[in-house]
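Using the sequences provided together with the hints, build the complete structure.
As they're listed, the protein sequences go chains L and C.
All the letters of the first sequence, read from the start, carry residue numbers 1 to 278 under the working numbering.
All the letters of the second sequence, read from the start, carry residue numbers 1 to 266 under the working numbering.
Keep in mind that the hints are not guaranteed to be accurate.
[What the hints assert, rightly or not] Mimicking EDC-like on lysine to aspartate or glutamate, the simulated pairs with C-alpha atoms at most 20 angstroms apart in a straight line are:
(1) L/111 to L/55
(2) C/135 to C/198
(3) L/111 to L/168
(4) L/57 to L/240
(5) L/191 to C/116
(6) L/191 to C/98
[Claimed, not checked] A few chain L residues that face chain C, going by a derived Cβ cut-off under 8 angstroms, partial list only:
(7) 31
(8) 174
(9) 180
(10) 182
(11) 185
(12) 195
(13) 272
Note that these hints are calculated values from the structure, not bench results.
All values derive from a computational prediction rather than experimental measurement.
Where is the CB? At the ideal position from N, CA and C, for every residue including glycine.
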Amino acid sequence: MTLAASSSAADPGLLAAQARHAAAKRRAALRRRILPLVGLLALLAIWAGLVHGLDVKPFVAPSPVVVVQTLIAKFGMLMSNLAWTATEALLGFLLGNLVAIIGATLFVHFKSLEETFFPIVVLINTIPVVAKAPILVLLLGNGIEPKIAVAALICFFPTLVNMVRGLEAVNPQALELMRVLSASRSEVFWKLRLQTALPYLFSALKISASTATIGAIVGEWVSTTNGIGALIVQAMYAFDSALLYATVLVGSGFAFCFFLAISAAERFVIRWHAPAAT
Amino acid sequence: MTSGTASVPRAAAPAVACEGVTVRFVTDRRTVTAIEDVSFAVGQGGFLSLLGPSGCGKSTLLRVVADLVEPSAGSARVRGASPAQARRDRSIGFVFQDSALLAWRTALQNVALPLEVGGRRALPAGAPTPRELLKLVGLEGWENSFPHELSGGMRQRVSLARALLGAPSILLMDEPFGALDEFTRDRLNAELRRIWRETGTTILFVTHSVYEAAFLGQQVMVLAANPGRVREIVPVDLPEDRGLAIRETEPFARLVTRLRNLLGPV
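Below, the structure written as structure tokens:
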């Protein structure tokens, strides 16, 4: 027996082994696709079974069928509300992360700045979002601004912490190399630190993508009549459980797509190695 | 210069000279003397192996020459100038233990990095291009590969090519092949000698392998640990155009025995 990769057609044992391996690979791929779907369908079936079997009243919980019907019937209204939430989440995402990236850059270059302000950042981060939102509404009014601010604040902290870690995760020998090459501080930043930090940044951005949506929704809870958050509150007070569930689905569907978009951007930007499984 | 054994036949002006170099590191608990009163000189185009147990300060010594560590006492001169001046002039190429390649750059882009930093310099006239250097280290056809696609030995080849960019007169190598398997290490040792003879670069090579030190160097500086100091500078009396087969010969075996005795009981 040889371990040569080139298969000789005369060896039936080898061919059979290769066929077995290919079949095993196909089965594994199929399992990965089908099993999550089976789980989801089972959940929906149990849900529908419970609602019908226990005769749950529509104002307590809807059956999944009614939720889908509502989703289709009120699609236009849901989307026009999502437009508000999506705008707030996106703007908050951009603002919060931009400030965090700039802040991390300053922290890494001016240690005294980090020592002065990091405790304050931690302090602000300990305030729950639901407590931040009313404060920001009083400060910024009833418009879109406080929602953007809540979304931005929620993005800010994880990105700041990750970015500082990433900028400092530079290989010490690469730093010595830059010194041997007489590189300036800005060259070290652009050619070495920033690139090293990118994987760290993207893990933070992926967290931000979903939390920014949560921030915008919490902001809408506190005030306004537009957006997914406002719709959730209205549906709850109207005991319209089908609309409530449909709204929640739309909101989390958006957050999920946002996450996927950032993951795709990560694969596009960081091509030098396969990104870690998320 | 300092002693008879330290002079190298090739040229009179030393490429690297250290005079009473001492390095101390102060920590909370104690002051560690990494190297104490080390003096030596290497002529232009020379090849000096620095051999010693871990903790003998051989890497620190290399870093003093490269202006990465400031000596507590004594001084280092690179072609008569200060290490800082030599660094600014790009007289020094450094090969690190871990290849220190940038993961997001291809092999070719990594080799070209020295042209992009430290005030964007042009390649000196007649100096080999990044592409030519990759060919010199035997990586033709791998220009567009990323470091994670290369083996450990290939990464060190890229690192060597990068250090050779701009034709520096001195190459400092800090246990560059220490993490490689024996076959790869042997092959790279043979190629390093070929490259040294082709380029005429002065090389200081840190290693803790007796065989590597003896095979590569024109002289072997044996260091003792705690504190790091020069035990002896041993001339290597082997033909210049030696191949790996020389390691099977009697003179080589005698040299290895002598070096081993100098290192003391393990």
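Hint check results:
{"no.": "1", "hint": "L/111 to L/55", "in the structure": "violated, 63 angstroms"}
{"no.": "2", "hint": "C/135 to C/198", "in the structure": "holds, 13 angstroms"}
{"no.": "3", "hint": "L/111 to L/168", "in the structure": "holds, 12 angstroms"}
{"no.": "4", "hint": "L/57 to L/240", "in the structure": "holds, 11 angstroms"}
{"no.": "5", "hint": "L/191 to C/116", "in the structure": "holds, 9 angstroms"}
{"no.": "6", "hint": "L/191 to C/98", "in the structure": "holds, 19 angstroms"}
{"no.": "7", "hint": "31", "in the structure": "violated, 29 angstroms"}
{"no.": "8", "hint": "174", "in the structure": "holds, 5 angstroms"}
{"no.": "9", "hint": "180", "in the structure": "holds, 5 angstroms"}
{"no.": "10", "hint": "182", "in the structure": "holds, 4 angstroms"}
{"no.": "11", "hint": "185", "in the structure": "violated, 11 angstroms"}
{"no.": "12", "hint": "195", "in the structure": "holds, 5 angstroms"}
{"no.": "13", "hint": "272", "in the structure": "holds, 4 angstroms"}
When the structure is compared with the earlier hints, violations turn up for hints 1, 7, 11 and for no others.
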